[in-house]
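Asker: Here's the letter readout for the chains.
2 protein chains.
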Amino acid sequence: MAKDKKVEQITDMDVDFAQWFTDVVTKAELIDYSGVKGFFILRPYAYAIWENIQSILDTRFKELGHENVSMPVLIPESLLQKEKDHVEGFAPEVAWVTHGGAEELAERLCVRPTSETLFCDHWSHVLRSWRDLPMLYNQWCSVLRWEKTTRPFLRGREFHWQEGHTLHATPEEAEAETQQMLNVYADFCENSLAMPVIKGQKTEKEKFAGAVDTYTVECMMHDKKALQGGTSHYFGDGFARAFGIQFADKENKLAYPHQTSWGMSTRIIGGLIMTHGDNSGLVLPPRIAPIQVMVIPVAMHKEGVLDKAAELVSRLKAAGIRVKSDVSDQSPGWKFAEYEMKGVPLRLEIGPKDIENGQCVAVRRDSGEKITVALAELETRIPALLGDVHRGLYEKAKKNLIDNTRPAKTLEEARTIVAEKGGFVKTMWCGDLACELKMKEDAGVSSRCMPFEQEHVADTCVCCGKPAKKMVIWGVAY
Amino acid sequence: MAKDKKVEQITDMDVDFAQWFTDVVTKAELIDYSGVKGFFILRPYAYAIWENIQSILDTRFKELGHENVSMPVLIPESLLQKEKDHVEGFAPEVAWVTHGGAEELAERLCVRPTSETLFCDHWSHVLRSWRDLPMLYNQWCSVLRWEKTTRPFLRGREFHWQEGHTLHATPEEAEAETQQMLNVYADFCENSLAMPVIKGQKTEKEKFAGAVDTYTVECMMHDKKALQGGTSHYFGDGFARAFGIQFADKENKLAYPHQTSWGMSTRIIGGLIMTHGDNSGLVLPPRIAPIQVMVIPVAMHKEGVLDKAAELVSRLKAAGIRVKSDVSDQSPGWKFAEYEMKGVPLRLEIGPKDIENGQCVAVRRDSGEKITVALAELETRIPALLGDVHRGLYEKAKKNLIDNTRPAKTLEEARTIVAEKGGFVKTMWCGDLACELKMKEDAGVSSRCMPFEQEHVADTCVCCGKPAKKMVIWGVAY
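Quick note, the sequences are listed as chains P and X, same order.
So that you can map any letter, position 474 of the first sequence is 474 in the numbering used here, and since no number is skipped, the others follow by simple counting.
So that you can map any letter, position 403 of the second sequence is 403 in the numbering used here, and since no number is skipped, the others follow by simple counting.
This is chain P alone, in the form it adopts within the complex:
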């Protein structure tokens, strides 16, 4: 019984990008649909990507002094309601546990949509003195949000993420933490996922429920839409006051600490699929690819081929490469298509002729380029080629971002760009909500962020003509 599903074509990404995405996540064996809408099964290949993401981020968080903890999965309704803006933002989209065993609960409990309230409740128990600060916590978990429309990775009723939560003695320290963690996300997107980002601040309208300031890294997908890569929030002492979190400062006076939170989720996997994928399937950046190199023996029943393939695997493994070989009885052609679909960054072909010539053939997943590699140079050439694939992916995505981010001075100009070319529009903005809403209504775009790298596009707001305060990047967002 051949796995014939593999040879089926996937939808052309430039014809129907949404269907292409669905085809890729199922045919690359990332996702299965569970019996409950919006709850997706992360199959081994998807979970291995997430584990690589976790490993890099977790190491970085710990280098910066953060510790992992585990908060409960359920939040009492009364606790969720303690911070006014926060509950307004989240209550409409949470799932409620009303019964435990045979009994109806006295108070209903929501499955956590985010854990600010739990961290605050805990801190109100344990924080005593300035000596205890800062408290630098992180949690890896899944959260629930009862979304109406759902898509694998991009919008699930359950998704995995990390949520960092920190407490500091002063606003300055908390602000610095917020910026530091945003930079961790930016570096991670660019250096590990080959996804270029725009760093900036969210508008009042787009910020997190309960935050003073929200910062974001925004990415552009292949279809020129925006995806938020990670966000970092500064809360001031609002939650601390709502939850009665206080500490004795060095003068032994009671003070409220200042707080941050920051998160990145499995959404970023959807982002990297839509940034790098092509019409042959997934294309994975080497630094998070579960398999970086797939060795395919050609004419594998000829003497010495399987032995040589095994030797390549063990040499590359010893060099720290995540490598496998496929010695199943499928044809080489089937295998090529399979690992292209799965986005393995490099394929190594080795056959009798190659062995005779002391070489193998490396095929780059990103460009299709074939490179002859002398076997003697395997341990230096393969890591270098993986670096080339990373840079190739990054440059291509960067070009997409730059080529499709256009300045506009008037609403009319913005509307035309969005309608005819898509992508991001950068305009000046007066800071008023009315103009932000008008951009959505008339041009169909929302504010993605006010980039840290500001440019002077014009003197006046794109909508109302009043003096401009900030340059804003606008786009259609996932």
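Think of the hints as simulated: they come from the structure by calculation, not from any bench.
One or more hints might be untrue.
Note that identical chains are pooled: a pair holds if it fits in a single copy or bridges any two copies.
Here are the simulated DSBU-like cross-link-like pairs (lysine-lysine), alpha carbons at most 30 Å apart as the crow flies [unchecked claim]: (1) LYS148 to LYS82; (2) LYS27 to LYS438; (3) LYS469 to LYS353; (4) LYS324 to LYS370; (5) LYS409 to LYS207.
Given the coordinates of chain P, work out where chain X should sit on it, guided by the hints.
Answerer: This is chain X only, laid out in the frame that chain P set:
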């Protein structure tokens, strides 16, 4: 504001073991209580222990070919009901989600108490051919069971665990997997946690809901009660039939696969606290201790002391030891008590006299023994001492297990042992449920397991006098 809570005495473990346990988990900063009964917060120190446990087990699972996946946190009621024995075992103790956002759900969803039904549903979608077998999956997650009485680590309404789930072409392969994973747990308990185990099979009464056979590793706590360390289940093809999971075998005929599951949870942290702890607090086995060595500078304001302490830390770190130093302004005595409470396996004291003599003083947490270590030999002596602590803990726990496991030939004898001495009783058993229930009723003990290492205690059943089939270990269990 001094952290004066540290100097408070904890309850004497031989006076009130339950209160001692509660004191230790709070004062060692492992646990905080959340606002919902039975939901415990794992503070950084507890979570770091769990991460070390995860890291060792996860590496071993992967070496044996297992892959991690993520299944949904919610299970539809109809899915939970597909396997009759399974639903009877779990339905009474699950939490139910009945509302998503503002809407009442058409079908209520339970928060997973375990994920067999989800894995089976997934496999029924994706299994096609013998080529796909075995499927060797594992999941790290938390699960919910709506228990009436709850205690940190030992019985929570939410707890963390790993659940392995595997599918095999033949019963023999599935049985071999069940045994293999039980051995992984036994090795882990003994070699990483210094907890000696008894390996054996559960009786019909005590086995997992829906399993054909359940195997267990049983441990003895300081108070001579039993704690189940980990379990491994063989399911036959019962779930496969209930969920319609089939594959085309090599002759292209449809067949049902055979299934296993196996799990270890954060309960084991409760187990290691109750195995090794003493009246000064926690005692952590070195291989999972978040901090293996704590360097305490003595007279630290004298010239050169802080520099030398920092040098010791960096040398030990380079040698692969998890080491910290405490250079806060607390007194050395306060620090000694603090890291005794936290169970750090080795304390290193370094002061001006030590520096003069080119040495430091190592203090073993398990025995209190003080050992002078020449600074020149730091990198060899410290790992050796950590090994000694591990062996010391293991031997002490092993002695407790052996000394407190007693044979009994009659029910009267068993009852007297349990009442007067506590610990485990080993007796012969005819295999009848009635006799198992009588042991519970008359002697107050439940069957822990039928050990793989059988002994001939007598010819006849301890209860009914009929011919014996198996030797059973009985005890009072957590």
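Asker: Run through the hints listed earlier and report the numbers of any the structure violates, in increasing order.
Answerer: Of the numbered hints given earlier, those the structure breaks are 2 and 3, listed in rising order.
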